[in-house]
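Peer 1: We have chain A already, so just place chain B on it with the hints.
Protein chains in written order, with my numbering: chain A, 1 to 600; chain B, 601 to 1411.
A hint or two may mislead.
Here are a few chain A residues that sit away from chain B, every Cβ distance over 10 Å (derived from the structure) [claimed, not checked]: (1) 103; (2) 176; (3) 235; (4) 269; (5) 283; (6) 344; (7) 412; (8) 441; (9) 471.
Simulated coverage check for chain B against chain A, where a stretch passes if three residues somewhere in it have a Cβ under 8 Å from a Cβ of chain A [as the list claims (entries may be wrong)]: (10) 726-739; (11) 749-757; (12) 1073-1084.
Label-pair restraints from in silico Cβ distances [to be verified]: (13) A:116 - B:750: 20 to 30 Å; (14) B:1229 - A:370: 30 to 40 Å; (15) A:574 - B:1229: 54 to 64 Å; (16) B:818 - A:574: 51 to 61 Å; (17) B:750 - A:411: 48 to 58 Å; (18) A:443 - B:830: 46 to 56 Å; (19) A:395 - B:1229: 20 to 30 Å; (20) B:818 - A:395: 22 to 32 Å; (21) B:824 - A:400: 45 to 55 Å; (22) B:824 - A:116: 54 to 64 Å; (23) A:407 - B:824: 32 to 42 Å.
Rather than coming from a laboratory, the hints here were simulated on the basis of the structure. None of the values given here were measured: they were computed from a predicted structure. Ideal placement from N, C-alpha and C gives every residue a C-beta, glycine not left out.
Take a look at the letters that make up each chain.
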Amino acid sequence: MRMTERTKKSTRIVALFVALLLLAGAVAVVFAACDDTPPPSDAERRAAALEELEKNVLAAFDEKWLPDMEESEIVVLDECGSYVEAVLWTGLVAEVLDSSALVTSKLERLAAFAADEEGKALISETRYNSDAVIELIDAVGLTSVDMSGLGFGFLRAVVEDIAGMYSSLKTTLEGYYGKVVGPGQQDMAAAIERAERIVSTMGDEEETASTLAALDEAEEDIKTLLTFIFDFEQILGTGESGTGLVGLIGSASSGEGALAGISDSEMQVWLTGVLDGLAEAGEKLTEEKLANVKNALLQVEECFDGFAQPVDAVYDILDSFGYLSSFVDEIPLLIDYAIAAFSGLYDRGEDGAYTYALVRKLKALAAEEDEDLKEINFIVLAAEAFSSFAEEYSVEDTEKELRRLAESGDSRKNMLLYLGALFTKVSVADEDVEMTEELAAMVLALLRELFDDMFHTSWRRYVLAPEVKRNENRLRVSAGFVLNMAESLNDILIENGEEPVEVTVTNSGPYTKEWYDEVARIEKESVSRASAVTGNAVPSSAADMIAESLKESYADKERINRIAAMGYITDVESPAVAEVEEMLRENPMFVLFAILFLQN
Amino acid sequence: MTFALALRSLKAKPLRTLASVAAIAVAVAMFFCMFSFEGAVYDYVYAVETADFGDSDIIISQKSGGDRIAPDDPLYDVEGVESVTATVSLYALLDGEGEEEYLRLRGFDGGEVESLRDIDVVAGDISRMAENTDCVVISERMAERFGLGIDDSFSVRGMTATGRSVHFYVVAIAENSGYFASDSPYTVLGYSSRMSSVMLSGGTVHNEIFVKVTEGADISKVRERIAAIPEYSALTVAECLDLGYISTRARNLSAPVTIAGAAVALLCIAGVALVFTSGVRERRAYAAKLALVGGTKKRIFAMFALESALLAAAGAVIGSLVAVGIFALMLYIVLSSAMSFSVNAALLFAAAVTGALTAFAASLYPLVRVFSSTARENLVGAPEKGRAGLFATAALVLATLVSLCVENLLPGAKGALSAVNMVLVIACAAMAAPFIVKGFGRLAISSRSPSVIVAGVSALRERRATRASSILAVGMTMSMLLFTAWSLTTSVFSDFTSEFEDMILVTNLSSDVDVSELEEVEGVRGAHLMVWRQAVISADGMEEKTVNILGSATALELVEFEYATPREEVVAALAEGKVILDGSVRELYGVDKGDFVLLDVDGEIRRFEVGGIVRHNLFNGSYVIVSAETLGESFGLSADTVVLLADGDVGDVAREVRSRFADRNYYALPALAAYEWDTRALENVFDLIAALAFMLTALAYAVAIANVVVVRAYSERTRSTLLCAGLSRNGLLASETLEHAFSATSAFLLALPVSALATMCLINALRMFGLYFGFMFDAASAVAAGLVLSAAYIAVPVIAGFKRGYGMRRN
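This is chain A alone, in the form it adopts within the complex:
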């Protein structure tokens, strides 16, 4: 069939149309497929994650709070002062996170966690206590490596920036003050005053710089220590099924958890693994490292002496560092002691196999529901721990350590010795406690330490909330004790022909930074002059008392060993119970030992 011209023309038109349609489609496909938009870089993702985190954290404190709010929006907030302060803190935290080694995905996860209900609740809590911080870390699942890095970073940032932060806060708030309307005005005024007070309690720049230098020098050592602390906290756990030592032992008995129905040999394997891990971690904490850490932490404590740390959680953490600075050098010894106490795990029978005696006791104890039996068997377990400990460490060894503690001059260590000594005296049931001069001195020292601590805590609370009458009362009482102690000391000094401690203030105030510095000076000088008077006498007495009690326990080793070898007691009326109780009565140090190492 021949095509007419007209048909040919029509065909060409149709073909052209189809071709154009196809071409248009192809072009559209090419444009759609060739998406030139590159994926966001890691830096961009990181910035976005931190921005999101800041936003979610602020929202956790108050739904209306957003980062980078305009001045006009801030001034109409009910708690505009708190808002500005919160922004500064979240900014600090964001900076610490940004400069940390945390990978960007972790920051994104943190930001996402902060957006959900659980996260918000925890974040809101962190203002008030450090436990919430630990819970937050656990919930997000950061590792000990993360924690050590963040912990150090945060500590350093607080040391470096807090002074500047609150100075800047004061300036900012003053700038807003005139523009605030409504109920926010009151909050703003209070916030400005608070900031002024906080700023007034800050130390000098030189001190800050020297603290930073010490921190930088001890950075790796502090991180090692933080890793150890975090891991140890994980091991001990909280008691929930599957979490840590306590949880494991508890759940094993109840037939739950990952190692439900755990056998004796499995428990043995796990516990020896824990001890090996502990020993390995302890080996990393060398004398040199610990000395660096101690020095750095002491400087931090000095740097913040008198500073009214505005956030409770931060205060708690810094306070903990303070205690850590006192006892950090004892960690290797404590690890050795713990390993020695649990060396019963390695007991073997004649056939060369493990006896699992200690493991069985632990399991049975965890499963025990009768409180009396629980207590009795706990003592039996403590007897076993002491028995093992005494195999490794003779009474002379422990005496030597006690004396070393007494000679350290560390006030917190001294307090521990005093507590131990007093305990050995008061827990001996059949004897009346004779209040000797040494005991009196110890009691006094303890009271002084208590009131000194109360004085510093009260000062902080007063600075943060002077309008609360209770804060003022406590400050006055605790300052009064400090000053009275100084006056009492002065009587002794004058009697000895020495210059008294200069007391230039009273406990009535006015409660300024200068007043605080003065009271703190008096306190320090009193302690120092009192130590000069007594020398090491009081700590040494305490050490001797504890050593004496220990000697008695060592002398009673035969009975203690016999009790240690007892199986699990299942009858409160059995003769074994009487023997245990008698041993307990005559070995108070033993009880203290048990409390220190076994109770959780």
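Peer 2: Relative to the frame of chain A, chain B by itself:
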């Protein structure tokens, strides 16, 4: 001169030359695949089975009813121990939306993930493992599945009551090899401390410890020393490598392919012979002409031989070149994995030589006719006289029948003889088909229709119809055979998997688990606590064979066994501490009720009496049923698995089990998922057989067409003559079509029964690989394959447009 003539002869018939070279090349490639396949599959299975432990010699792992975690300290003082790698291995569920997915977490101390074997990284940097304890390495496959890249994170939940989530960060992505060879479930490598935290916080545990023995030390003695240490009395101490098990698995996968490959190779060789046979007249004429111009028999033979040699050589070279590609393709199809393999040059050479020599011999066969006739006969092309062909066919048929009788009646004759018989029955079909064609021819010449008469005469006089029937008989038979084999294996497999599809395996539980708690889960209709592991069985007249232990008397309720021994006797025998074997063991090795077998479990060997025989295709018959009590008394084994029988969706039921017992760290998986690698590999094997069946059918068709093309050239004068004599073009077309029909029908009529016999021989031949199946013949698939091939061949004259080429030509 001789060379020049040979070359000229090859160039003169390019189509035949090409067809021959192609056929030889395919034959060489298939021979290479046959020779190499089992070795390559063995290497792959070896890589998968050793994925976990690299070159370690001994593994210490949890024991059912024993301990789940193991100490490593005592190992360092054992004589003969070179190195110790303590790891933790556990399963966890991936956090995320959608269906739950199990992951396998493997933790190494200090994140030293390359302690057991090297890792081939495709993205990221493995040294970054030192950055943090939550860094991990995953496989490419897993990365693709979940869309994970470097520095991406994912979290898992362990099977604890707290449902504690643990987060990981990807620092490296590895090839799907080494640790990730099977990767089912997906494997994640990281720090043992982090992995342990999935189960419990604080502290690191190990539940798989790998020991490398010093060179020259006796592995079994070191194993015994370790097993004697009190700390390991409640743990399993076993040698890592079970070569018997690896061999069994490799054989199961490669046997069907090896035999199918052999069938394709033989068909190719037959095709070569037939291609040369189809041109025998022309060769005879050529030989006569050469003789007339002074060529001696010797020189003429040398020329033809050289021609064949050149074809064989060319085919061998090309075949060698394509062999590797075809081999890789087959491996990829079967194993579904990009695996690296090495080409064994010796095997390639052997395949090339085998293919070449076989093709050379086949191509020379038609020359027998050339040199057995006079020059005049060769020139004139006088038809064969005499009944030599009939006698030869009859003799072959008789010999085949005798051989078949020997195979099936004589005990122990099955195996290699079956393979030979398979070839013989097909040869019988090839030789008998021409006679049926001639029978059709005789019937046709008495017709009134000119087309029919012409077709009949052609069938009687011309070689092309008879030759085509032989080609089709061989091709159709083998095609039917392969399609039947495909149907047979898939139906066996389907029966096997259908028995498994309602089963859930629950492991990682204690031997004193209360199964009634599991039975209370919705959807569970039965729970059987049993020992589920492997052992090595041996007996008189039986080589060592790795089998799966179904360690419970209630295993009889798991599947529908056929009872060669009455069920009551079987139950009683189990109670008496006897073992029950599959009927295949009796068929293959003659081990029967009352005989004694040795069971080797982790190096402990015990003797048991066979209490009965049952039959099922479970694990291809590689199983033994023993009561749990007997295993406990004899080997100290405790039940370690609960097999649940579920109604409805087993996936849902498994999820319910996991959820209900989340605090007990049970690992619950549908049985088909647990054996996913095996089932997937077997399915792929069957797909490969199907592919080979289609390929062979196409090949048979191609050879038949090639024959048609070659011979039609010589029959052009005859067609012209017929047209000149008044036969219409349609009539001629009808005649040719009918001629094709005679060939196809003859082939079909023979191929169907012969393929049934060949199937029987194939099933018997699988015994050489330790496989036993009962006889099954899927007539429907055979008929379908035959009909398709027949119809396609009959339609050739129409499809190829023969009519267009009809014309009355002067010369």
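Peer 1: Now tell me, hint by hint, if it's right for this structure.
Peer 2: Going down the list of hints, with the structure as the test:
no., hint, in the structure
1, 103, "violated, 5 Å"
2, 176, "holds, 40 Å"
3, 235, "violated, 3 Å"
4, 269, "violated, 5 Å"
5, 283, "holds, 15 Å"
6, 344, "holds, 17 Å"
7, 412, "holds, 27 Å"
8, 441, "holds, 42 Å"
9, 471, "holds, 39 Å"
10, 726-739, "holds (count 4)"
11, 749-757, "holds (count 4)"
12, 1073-1084, "violated (count 0)"
13, A:116 - B:750: 20 to 30 Å, "holds, 27 Å"
14, B:1229 - A:370: 30 to 40 Å, "holds, 39 Å"
15, A:574 - B:1229: 54 to 64 Å, "violated, 40 Å"
16, B:818 - A:574: 51 to 61 Å, "holds, 54 Å"
17, B:750 - A:411: 48 to 58 Å, "holds, 52 Å"
18, A:443 - B:830: 46 to 56 Å, "holds, 54 Å"
19, A:395 - B:1229: 20 to 30 Å, "violated, 57 Å"
20, B:818 - A:395: 22 to 32 Å, "violated, 52 Å"
21, B:824 - A:400: 45 to 55 Å, "holds, 48 Å"
22, B:824 - A:116: 54 to 64 Å, "holds, 56 Å"
23, A:407 - B:824: 32 to 42 Å, "violated, 57 Å"
In this structure, the earlier hints numbered 1, 3, 4, 12, 15, 19, 20 and 23 are contradicted, and the remaining ones agree with it.
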